[in-house]
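J.: These protein sequence lines are chains A and B, in that order.
Here the first sequence stands for residues 113 to 540, numbered as in the numbering used here.
Here the second sequence stands for residues 91 to 291, numbered as in the numbering used here.
What the hints contain is simulated information worked out from the structure, not anything from laboratory work.
All values derive from a computational prediction rather than experimental measurement.
Mixed in with the good hints, there may be bad ones.
Here are a few chain B residues that sit away from chain A, every Cβ distance over 10 Å (derived from the structure) [as the list claims (entries may be wrong)]:
(1) ILE99
(2) ILE106
(3) SER114
(4) GLU140
Label-pair restraints from in silico Cβ distances [stated by the list, open to error]:
(5) GLU140/B - PHE314/A: 43 to 49 Å
(6) GLN173/B - ALA167/A: 21 to 27 Å
(7) GLN260/A - ASP149/B: 45 to 51 Å
(8) GLU140/B - VAL133/A: 50 to 56 Å
(9) GLN173/B - THR295/A: 47 to 53 Å
(10) GLN262/B - GLN260/A: 46 to 52 Å
(11) VAL133/A - GLN262/B: 33 to 39 Å
(12) MET246/A - GLN173/B: 51 to 57 Å
(13) ILE117/A - LYS97/B: 43 to 49 Å
(14) GLN173/B - PHE350/A: 57 to 63 Å
(15) ALA272/B - MET246/A: 33 to 39 Å
(16) HIS131/B - ARG277/A: 22 to 28 Å
(17) GLU122/A - GLU136/B: 54 to 60 Å
Examples of chain A residues lying across from chain B (beta carbon under 8 Å, computed) [said to hold, decoys possible]:
(18) GLU181
(19) THR183
(20) PHE184
(21) ILE188
(22) SER216
(23) LYS419
(24) GLN420
(25) ILE424
(26) ARG428
(27) ARG527
(28) ARG529
Cβ coordinates follow ideal geometry from the N, Cα and C atoms, glycine included.
Below, each chain spelled out in residue letters.
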Amino acid sequence: MERSILDQLEVGVIITDANLVIYEWNRFLQMHTQLPREAVIGKRLDALFEQVESAVLKRKIRTTLRLRESTFYRPIAAPYCVPVPIKRFIQHDLNYMVQRVSISPYDEEKGLVLLSIYDETDSRIAQIELEKEMQKTQQLNARLTQDQEIIDTNLMMLKTDLQGRIVEASSALCSFYGYDRDTLLGRNPSIFGHKSMPSMVFHDLWEKLAKGETWRGEVQNLLSNGKDHWADVLILPFYDEQGVMTHYVGIYHDISDRKRLESLYVTDPLTKLFNRYFFDQQMKGIFMGKRRAKSLSMMLIDIDHFKQVNDIYGHRSGDLVLQEFAQTMRATLRNSDVCIRMGGEEFAVLLPGCDLIEACSAAEHLRQEIEKYVFTNVGRLTCSIGVAQRLEDDDADSFYERTDMLLYAAKTQGRNRIAHDAMALTLA
Amino acid sequence: MLTPLQKEILQELVNIAFGSATASMAELMDAFATLSVPSIHFLPIEQFNEHLRTVVCDDQPLYLSQQVFTGSMKGETIFILEQTSVDNLVRHLYTDEEQITQAHINDAVLEVNNILSVTTIGKLAEIMKMQTNFMVPTLRIFADREFADLSELAEYDAVIIIETLMRFEQEQICGHLLILTASAMMQELQHALDQIAGEMM
Numbered sequence: 113m114e115r116s117i118l119d120q121l122e123v124g125v126i127i128t129d130a131n132l133v134i135y136e137w138n139r140f141l142q143m144h145t146q147l148p149r150e151a152v153i154g155k156r157l158d159a160l161f162e163q164v165e166s167a168v169l170k171r172k173i174r175t176t177l178r179l180r181e182s183t184f185y186r187p188i189a190a191p192y193c194v195p196v197p198i199k200r201f202i203q204h205d206l207n208y209m210v211q212r213v214s215i216s217p218y219d220e221e222k223g224l225v226l227l228s229i230y231d232e233t234d235s236r237i238a239q240i241e242l243e244k245e246m247q248k249t250q251q252l253n254a255r256l257t258q259d260q261e262i263i264d265t266n267l268m269m270l271k272t273d274l275q276g277r278i279v280e281a282s283s284a285l286c287s288f289y290g291y292d293r294d295t296l297l298g299r300n301p302s303i304f305g306h307k308s309m310p311s312m313v314f315h316d317l318w319e320k321l322a323k324g325e326t327w328r329g330e331v332q333n334l335l336s337n338g339k340d341h342w343a344d345v346l347i348l349p350f351y352d353e354q355g356v357m358t359h360y361v362g363i364y365h366d367i368s369d370r371k372r373l374e375s376l377y378v379t380d381p382l383t384k385l386f387n388r389y390f391f392d393q394q395m396k397g398i399f400m401g402k403r404r405a406k407s408l409s410m411m412l413i414d415i416d417h418f419k420q421v422n423d424i425y426g427h428r429s430g431d432l433v434l435q436e437f438a439q440t441m442r443a444t445l446r447n448s449d450v451c452i453r454m455g456g457e458e459f460a461v462l463l464p465g466c467d468l469i470e471a472c473s474a475a476e477h478l479r480q481e482i483e484k485y486v487f488t489n490v491g492r493l494t495c496s497i498g499v500a501q502r503l504e505d506d507d508a509d510s511f512y513e514r515t516d517m518l519l520y521a522a523k524t525q526g527r528n529r530i531a532h533d534a535m536a537l538t539l540a
Numbered sequence: 091m092l093t094p095l096q097k098e099i100l101q102e103l104v105n106i107a108f109g110s111a112t113a114s115m116a117e118l119m120d121a122f123a124t125l126s127v128p129s130i131h132f133l134p135i136e137q138f139n140e141h142l143r144t145v146v147c148d149d150q151p152l153y154l155s156q157q158v159f160t161g162s163m164k165g166e167t168i169f170i171l172e173q174t175s176v177d178n179l180v181r182h183l184y185t186d187e188e189q190i191t192q193a194h195i196n197d198a199v200l201e202v203n204n205i206l207s208v209t210t211i212g213k214l215a216e217i218m219k220m221q222t223n224f225m226v227p228t229l230r231i232f233a234d235r236e237f238a239d240l241s242e243l244a245e246y247d248a249v250i251i252i253e254t255l256m257r258f259e260q261e262q263i264c265g266h267l268l269i270l271t272a273s274a275m276m277q278e279l280q281h282a283l284d285q286i287a288g289e290m291m
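Just chain A, with the same shape it has in the complex:
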């Protein structure tokens, strides 16, 4: 082959014999190795470059000459046949050009072959990058699997279809609620339902989910052994790639302990009604503006002549009276009415959604029930009740003080009666 042709090739070309003596060295190699033709012709390749795997290369040259066909050689000990240092702007781990060699018969009579040296650095870099990415992916997958296991064993999670049928349940949830996974699959999460939960909560839940919104709330649930617990529940809708909602995922967090603590904190230990602290918190919440849309009324109740009960029958009987009074209140009023022991023999009731007329009716009903009730050791007692409806410009203090004034009025007017907010009634 003409030397000028070899010099125009964009691959390294060496013509050599079976002993690796160099007969030709093209311009590509001269430029990349900085070794001029004159410096290498007649010398042995393995003498010039000690990295050359002479035994392997010689064997392949002999095979080429025998087969009279090309053979292929990918240097093994080092990734190159002829060392060509490379400097790249982009950092990588390769210091030398990565090479692949094709060995073709050149002059069979003289036993010469042509080594074509191809630069495969770019594809090797791409391969290294790909391997790195694959390694990262494998690591991420391993972590993901590990995370999934951690999630499965530690996070109470349910997946339902859009009809609310359970399609997946984490081991943590199955174990906590005491169900086999197979028992839960296909069922509705209402299997955990507690009768005390108002249906409004679930109505609100489905309404939000149907709109594609996330729902969060505190739910009282039942375990398989009949015990109840409180869960903070977060339910999220999930979508497919086309943006179509496909399923819901509910994450349950047990808040029973917190609920018990909260309950202790806001409960009067004697009557088990809410305490004054809870009343204050509720009033603050109401007058923060969040719940102003609904009408609201309040009763303040005082047991008539309670001091005498304590003086005549003793404090133990007095405590019994307070407990039975609280039970009568709970039995007489609606579930949604909030009953509070303010202190001593004074009680309060918050009546959400009640206007003054409804509140007066409830108060009168309570007064009559108390009047009829026969208290242990003590017999019959009466109570006085002040009833007021929240007014537009009320704040927590004015609302309370007005109701307190009405209670005072009921007492001064002779007790065993209710006194209501006539001004508010007129406005209503």
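Based on the hints, put chain B in the right spot on chain A.
T.: This is chain B only, laid out in the frame that chain A set:
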């Protein structure tokens, strides 16, 4: 498929090709080598994967080397060696002192494939008076028999299977050389074999 006479002639041609391959293999292995008379089968491509599953062991990694040949004669060879044979090959090819890496092992398999492919396909091209050129062989290693995802073979519709046993002194190397080609090429081969049969008459 081939007539009994065509098959007989092809068998003879492959025998001659393998004779040449034996000499090259002996040189490669630096040991006295014998190659058994190869057995030849033909398969439609649909039965190819099933055949692969029957010829290899369950419990050994498999080295599968592929080499494309182009030109007026074109197709692809697949050379399969099981791990035991690869171990035997490497034991002969490298001395105990050498640090044998996976790259050395891969190179040995590729080299054997190259020798067998070039001699066999070269001989067939010669008798069909066709030109062919060999591409760089590639190697894949499969840990089990789930290797046969060879969907890239779809353009071929005929398979010639040449099985041979190579012996190097005490060691045996059992290899399967598969030639995949298109039916048009098979027709050319049949035509060439008929011509040889005519010349022999």
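J.: All the hints need checking, so say for each whether the structure fits it.
T.: Structure-based check of all given hints:
1. At roughly 23 Å from the closest C-beta of chain A, the C-beta of ILE99/B stays outside 10 Å, upholding its exclusion from the interface.
2. Every beta carbon of chain A lies more than 10 Å from that of ILE106/B, the smallest distance being close to 14 Å; the non-interface claim holds.
3. The non-interface label for SER114/B is inconsistent with chain A: the shortest C-beta to C-beta separation is roughly 5 Å, within 10 Å.
4. The Cβ of GLU140/B lies farther than 10 Å from every Cβ of chain A, with a closest approach of about 31 Å, so its non-interface assignment holds.
5. The hinted range of 43 to 49 Å is not satisfied by GLU140/B and PHE314/A, whose Cβ atoms lie roughly 58 Å apart.
6. Against the hinted window of 21 to 27 Å, the Cβ-Cβ separation of GLN173/B and ALA167/A comes to about 25 Å, which satisfies the hint.
7. Distance hint check for GLN260/A and ASP149/B: the Cβ-Cβ separation is about 32 Å, which falls outside the suggested range of 45 to 51 Å.
8. Distance hint for GLU140/B and VAL133/A: a CB-CB separation of about 51 Å, consistent with the stated range 50 to 56 Å.
9. Our hint of 47 to 53 Å for GLN173/B and THR295/A holds, since their Cβ atoms are close to 49 Å apart.
10. Remark: the range hint 46 to 52 Å for GLN262/B to GLN260/A is upheld by a beta-carbon distance near 48 Å.
11. At about 37 Å, the CB distance of VAL133/A to GLN262/B agrees with the hint of 33 to 39 Å.
12. A C-beta distance of roughly 24 Å is found between MET246/A and GLN173/B, which places it outside the suggested range of 51 to 57 Å.
13. Checked against the hint of 43 to 49 Å, the pair ILE117/A and LYS97/B passes, with Cβ atoms roughly 45 Å apart.
14. Here the CB-CB span from GLN173/B to PHE350/A is close to 47 Å, at odds with the stated 57 to 63 Å.
15. The beta-carbon spacing between ALA272/B and MET246/A, approximately 35 Å, falls within the hinted interval of 33 to 39 Å.
16. A hinted range of 22 to 28 Å is violated for the C-beta pair HIS131/B and ARG277/A, which are about 56 Å apart.
17. One distance hint, 54 to 60 Å for the beta-carbon pair GLU122/A and GLU136/B, is violated here, with the actual separation near 43 Å.
18. For GLU181/A, the interface hint holds, since its Cβ comes within 8 Å of a Cβ in chain B; the closest pair sits about 4 Å apart.
19. The beta carbon of THR183/A comes within 5 Å of a beta carbon in chain B, closer than 8 Å, and the hint placing it at the interface holds.
20. Proximity of PHE184/A to chain B holds as hinted, the smallest CB-CB distance being about 5 Å (cut-off 8 Å).
21. Interface restraint check for ILE188/A: the shortest CB-CB distance to chain B comes to about 4 Å, inside 8 Å, so the restraint holds.
22. At its closest, the beta carbon of SER216/A sits 10 Å from a beta carbon of chain B; the interface hint therefore is violated under the 8 Å criterion.
23. Violation of the interface hint for LYS419/A is found here, the shortest Cβ-Cβ separation to chain B being roughly 91 Å, above the 8 Å cut-off.
24. Because the smallest distance between the Cβ of GLN420/A and any Cβ of chain B comes to about 93 Å, over 8 Å, the interface hint for this residue is violated.
25. The interface hint given for ILE424/A is broken, as the beta carbon of that residue sits about 93 Å from the closest beta carbon of chain B, more than 8 Å.
26. Annotation: ARG428/A was flagged as interfacial toward chain B, and the flag is violated, the nearest CB pair being 83 Å apart, outside 8 Å.
27. Because the smallest distance between the Cβ of ARG527/A and any Cβ of chain B comes to about 92 Å, over 8 Å, the interface hint for this residue is violated.
28. For the restraint placing ARG529/A at the interface with chain B, the shortest Cβ-Cβ distance is roughly 90 Å, beyond the 8 Å limit, so the hint is violated.
When held up to the earlier numbered hints, the structure conflicts with 3, 5, 7, 12, 14, 16, 17, 22, 23, 24, 25, 26, 27 and 28 and fits the remainder.
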